[in-house]
Amino acid sequence: GRHGDRPEHTAPPELFYDGEESRKYTSSSRVIDIQRRLTERALELLALPDDDEPKLLLDLGCGSGLSGEAITEAGHVWTGFDISPHMLEVAQEKEVEGDLCHHDLGHGMCLRPGVFDGAISISAVQWLCNADRSSHNPRRRLKRFFDSLYRCLARGARAVLQIYPETPEQAELITTTAMRSGFAGGLVVDYPNSTRAKKYFL
Amino acid sequence: MPGVKERYPLGLVVGKIELQENEFDPAFVLHMLSKLNYPVLRKAASICQFNDLPEQPPANPTVENDGQFLQAVFHAISNIDVIEGTLVCFESKREFPIAGGVPNMLVNDFEQP
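These protein sequence lines map, in sequence, to chains A and B. Its first residue numbered 1, the first sequence is counted upward by one per residue in this note's numbering. Its first residue numbered 1, the second sequence is counted upward by one per residue in this note's numbering.
Read the hints as simulated data drawn from the structure, not as lab findings. Be aware that one or more of the hints could be misleading.
As the list claims (entries may be wrong) - Some chain A residues flagged as far from chain B (calculated, every beta-carbon gap over 10 Å):
#1 Thr10
#2 Val77
#3 Ala154
#4 Pro192
#5 Arg196
#6 Lys198
As the list claims (entries may be wrong) - These stretches of chain A come out as covered by chain B in the derived footprint (C-beta under 8 Å, 3 or more residues):
#7 32 to 41
#8 109 to 122
Every residue, glycine too, gets a C-beta built ideally from N, C-alpha and C.
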């Protein structure tokens with residue numbers, strides 16, 4: 001059923017997060033709390049210099065701006081990308097501080113090289129593993145995403161991507177593609193012994 | 001997109017702008033200056049009817065000496081908000097609409113290499 005199953009099995013993100021689902025998602029206090037805590041943890045792992053100066057960050061799969069608001073609260077400036085027009089509309093209504101861009105991460109972000117001080121992504125990148133259309137090739141989409149991400153980050157900048165991998169193979173595919181694009185690092189697993197609380201940060 | 005060599009900059013056509021009044025942060029502006037393509041910023045600002053950016057930026061701007069310049073840059077990057085408009089690829093003529101301040105950069109799958 002729709003609620004017990006993974007959203008990735010139901011429809012592509014731009015269709016799953018329709019008007020109703022977007023509002024339901026973004027008004028649930030449980031969801032708001034989870035996304036905020038995931039963002040704070042991702043920012044912690046980003047390990048930005050502690051110099052009280054705002055950094056320029058990417059929020060990949062920014063959705064309705066739940067993660068973006070936490071970035072703003074942490075004192076940074078962000079640019080968000082999302083494929084769902086309904087989620088972006090919610091973000092616009094909330095007048096989030098970040099700049100929003102309607103785009104498909106699987107096409108790669110056409111950003112200038114070396115510009116961003118860091119990137120985070122909350123609960124989004126596993127969507128790239130879907131083949132929602134016959135023209136989609138998950139491996140190619142992941143490669144374009146990671147190649148373009150690597151290129152637009154400044155030297156020494158990090159990306160922290162919180163993901164919900166469906167299977168260990170999926171986590172492996174995402175991680176391997178990132179490494180092939182030039183990233184060093186690995187997977188951090190919070191609460192590894194709890195099925196419910198377990199969280200993956202690449 | 002296949003065959004397009006010059007992807008930056010995109011042309012900008014403006015329909016509607018909003019001006020915000022954000023708090024001036026000179027350190028942030030200096031940080032951003034090192035990332036920006038200044039001539040492109042200046043051109044974009046002038047398309048938005050903001051012509052206070054000098055043709056040549058100061059060589060090593062500082063907060064003490066170049067306050068006015070930094071404020072002008074800040075205004076361009078933080079306060080000018082293009083609400084309705086279009087981004088245009090010079091080479092392919094492909095247009096990317098901006099609505100509600102959000103550019104739509106989606107391309108069709110068949111346009112991908």
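To see whether the hints hold, each was checked on the structure:
No beta-carbon of chain B comes within 10 Å of the beta-carbon of A/Thr10; the shortest separation is about 21 Å. At roughly 7 Å, the least C-beta separation between A/Val77 and chain B is not larger than 10 Å, which violates its mark as non-interface. Separation of A/Ala154 from chain B is inadequate, the least Cβ-Cβ distance of about 8 Å not exceeding the 10 Å criterion. Non-interface call for A/Pro192 relative to chain B: holds, since the shortest CB-CB distance, roughly 37 Å, exceeds 10 Å.
The Cβ of A/Arg196 lies farther than 10 Å from every Cβ of chain B, with a closest approach of about 35 Å, so its non-interface assignment holds. Every beta carbon of chain B lies more than 10 Å from that of A/Lys198, the smallest distance being close to 33 Å; the non-interface claim holds. Figure legend: the stretch 32 to 41 of chain A, annotated as covered by chain B; annotation inconsistent (0 residues with Cβ-Cβ distances under 8 Å, at least 3 required). Evaluation of the coverage hint for the stretch 109 to 122 of chain A: fulfilled, as 4 residues show C-beta separations to chain B shorter than 8 Å, against a requirement of three.
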